[in-house]
Every structure is written in C-alpha cells, then in structure tokens.
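The lines below spell out each chain.
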Amino acid sequence: AQTVTQSQPEMSVQEAETVTLSCTYDTSENNYYLFWYKQPPSRQMILVIRQEAYKQQNATENRFSVNFQKAAKSFSLKISDSQLGDTAMYFCAFMKPDGGATNKLIFGTGTLLAVQP
Amino acid sequence: SQTIHQWPATLVQPVGSPLSLECTVEGTSNPNLYWYRQAAGRGLQLLFYSIGIDQISSEVPQNLSASRPQDRQFILSSKKLLLSDSGFYLCAWSFRGRSTDTQYFGPGTRLTVL
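Chains as they are written, first to last, in the numbering used here: chain E, 1 to 117; chain R, 1 to 114.
Hints may be right or wrong, so weigh each one.
[What the hints assert, rightly or not] In silico SDA-like pairs for lysine to any residue, Cα to Cα no more than 25 Å straight-line:
no.	chain 1	residue 1	chain 2	residue 2
1	E	Lys104	R	Ser67
2	E	Lys104	R	Ser57
3	E	Lys104	E	Gln51
4	E	Lys96	R	Ser86
5	E	Lys104	R	Gly27
6	E	Lys96	R	Thr28
7	E	Lys96	R	Tyr104
8	E	Lys104	R	Glu59
[Said to hold, decoys possible] Taking CB as the label site, the calculated pair distances span:
no.	chain 1	residue 1	chain 2	residue 2	range
9	E	Lys78	R	Ser17	26 to 34 Å
10	E	Gln57	R	Gly27	29 to 37 Å
11	E	Gln57	R	Lys79	28 to 36 Å
Note that these hints are calculated values from the structure, not bench results.
Yeah, the Cβ is synthetic: ideal placement off N, Cα and C, and Gly gets one too.
Working from the sequences, and respecting the hints, build out all of it.
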C-alpha cells in the first residue's frame, strides 16, 4: 500500500522569504501523480500544484515549485516570496491512476506553515 | 466554470441521532464524486467514491453510508451517530473517465457529535 509522509508538523517563515516543505512517499508503482494541497483557516482544500511521475521537469505555479526526485521518492514544495496569505496547512498527496474508475488520493498528515510579518 | 457546494457548513448533533450531509456540483456532467473525513490534526481519509448514479463504493467500514440520487448530488448519511463520527467532512469531484484528473474540494462541513 502507498504511504505519504510529511515529517515537519510545523514550520515558520518570514514574509518575503523562501521556505521548503518536505514530503516522501512509498510506492512500487511507476506511473502516479503527486499533489500539494493548501488548507487555510477556512478549511477548504485548495490545489496548489500537481506533478506527473513520468515528467522529469519539475512543476511550477507562480511562486510555488516542486523538487521531484523519483528515485528518492521525494516531493518537496518550495514557496518563494512568502506572503501572509500563504499561512495554512499544506498536505502532500499521492494518486495512483485506476483505469478511469476512480482517483484515490492518499494524504500525508500535513505541515502547518506560519508566515510571520 | 465548475463549483461545488456543501451544506450545512456546521452541525452539532447528539449521539444516536441521524445525519444527512449534502454535496452538489455545478457546471459539469457525470463527475466522479468523493466523501472524505478529516479528524482533528490529521490528513484526509477517503470514505466513499462514486462514478455514477447509484454506483458507490466504500473505502472503510463505518457507521456511515452514501447515496447519489442524482448525477451531481452526493449525500452522506447515518442512522445513528457515534461520538467518533465527529470531524470535518469534505466532498470532492473530478472529471469522469480521466483517471489522471485532479480532485476539487468543497468548503466542508464541521460535524460535532455530543
């Protein structure tokens, strides 16, 4: 069974600085997808970024980028120029495509990021 | 564009009472639908998923059930709530037939069982 591990329960960063959140996963699959979701105090889950395992190029979305190391099964999230609105719980998630029947997301336990003014 | 709604936003129920949480999706047809539960300080656990009307699969044995009476409506129910049913319940959708597609989440329902 696949597992997702986020080893940093809490992190803090100064506004405008850069922070990296760690995520490792365990799978025997070769084809899969990885996601970072953000959960602000409103508690709605918001997609931050997504990475396909077959792509060697790291995904980027504005100030958010990932460092995907497939051999090491590592998927870290880098937030550049941190803003107060980035304060949230961040979840790493794994998905193994299931032939179109369903997409089962497996979540890590999350990292609570606090951006300090 | 697509939107997903959940209600109620907050619910406080006594132990042993019934439960009905509703989720609806707008702006798309034939979505895959999902119910997740998030316990305090934890990640999300998939409870149910559905690929069509009356096509529902359960991921974990529990005190809850799900139904999909219409294409874009997903309901989470219980006949008798337990204290352990307390948590934050999130509904999500994804495009049907695209096994690689992203899930999009609703605003959630906070359930407290007393």
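Okay, the hints, checked on the actual structure:
Between Lys104 (chain E) and Ser67 (chain R), the direct Cα distance comes to roughly 18 Å. Compliance with the 25 Å bound is thereby established for this hinted pair. Taken as a hint, the Lys104 (chain E) and Ser57 (chain R) pair is honoured in the structure, with Cα atoms around 12 Å apart against an allowance of 25 Å. As the CA atoms of Lys104 (chain E) and Gln51 (chain E) are separated by approximately 15 Å, the hinted pair is consistent with the 25 Å bound. Straight-line distance between C-alpha atoms of Lys96 (chain E) and Ser86 (chain R) comes to about 29 Å, which puts the hinted pair past the 25 Å bound.
Taking the CA atoms of Lys104 (chain E) and Gly27 (chain R), the gap is about 22 Å. The hint holds against a cut of 25 Å. A C-alpha spacing of about 23 Å is found between Lys96 (chain E) and Thr28 (chain R), which places the hinted pair at or below 25 Å, so the restraint holds. Distance hint between Lys96 (chain E) and Tyr104 (chain R) is fulfilled; the C-alpha atoms sit about 17 Å from each other, no more than 25 Å. Taking the CA atoms of Lys104 (chain E) and Glu59 (chain R), the gap is about 10 Å. The hint holds against a cut of 25 Å.
Checked against the hint of 26 to 34 Å, the pair Lys78 (chain E) and Ser17 (chain R) fails, with Cβ atoms roughly 46 Å apart. Taking 29 to 37 Å as the suggested C-beta distance range, the pair Gln57 (chain E) and Gly27 (chain R) conforms, at roughly 31 Å. In this structure, Gln57 (chain E) and Lys79 (chain R) break the distance hint of 28 to 36 Å, their C-beta atoms being roughly 50 Å apart.
Violated hints for the displayed structure, listed by number in ascending order: 4, 9 and 11.
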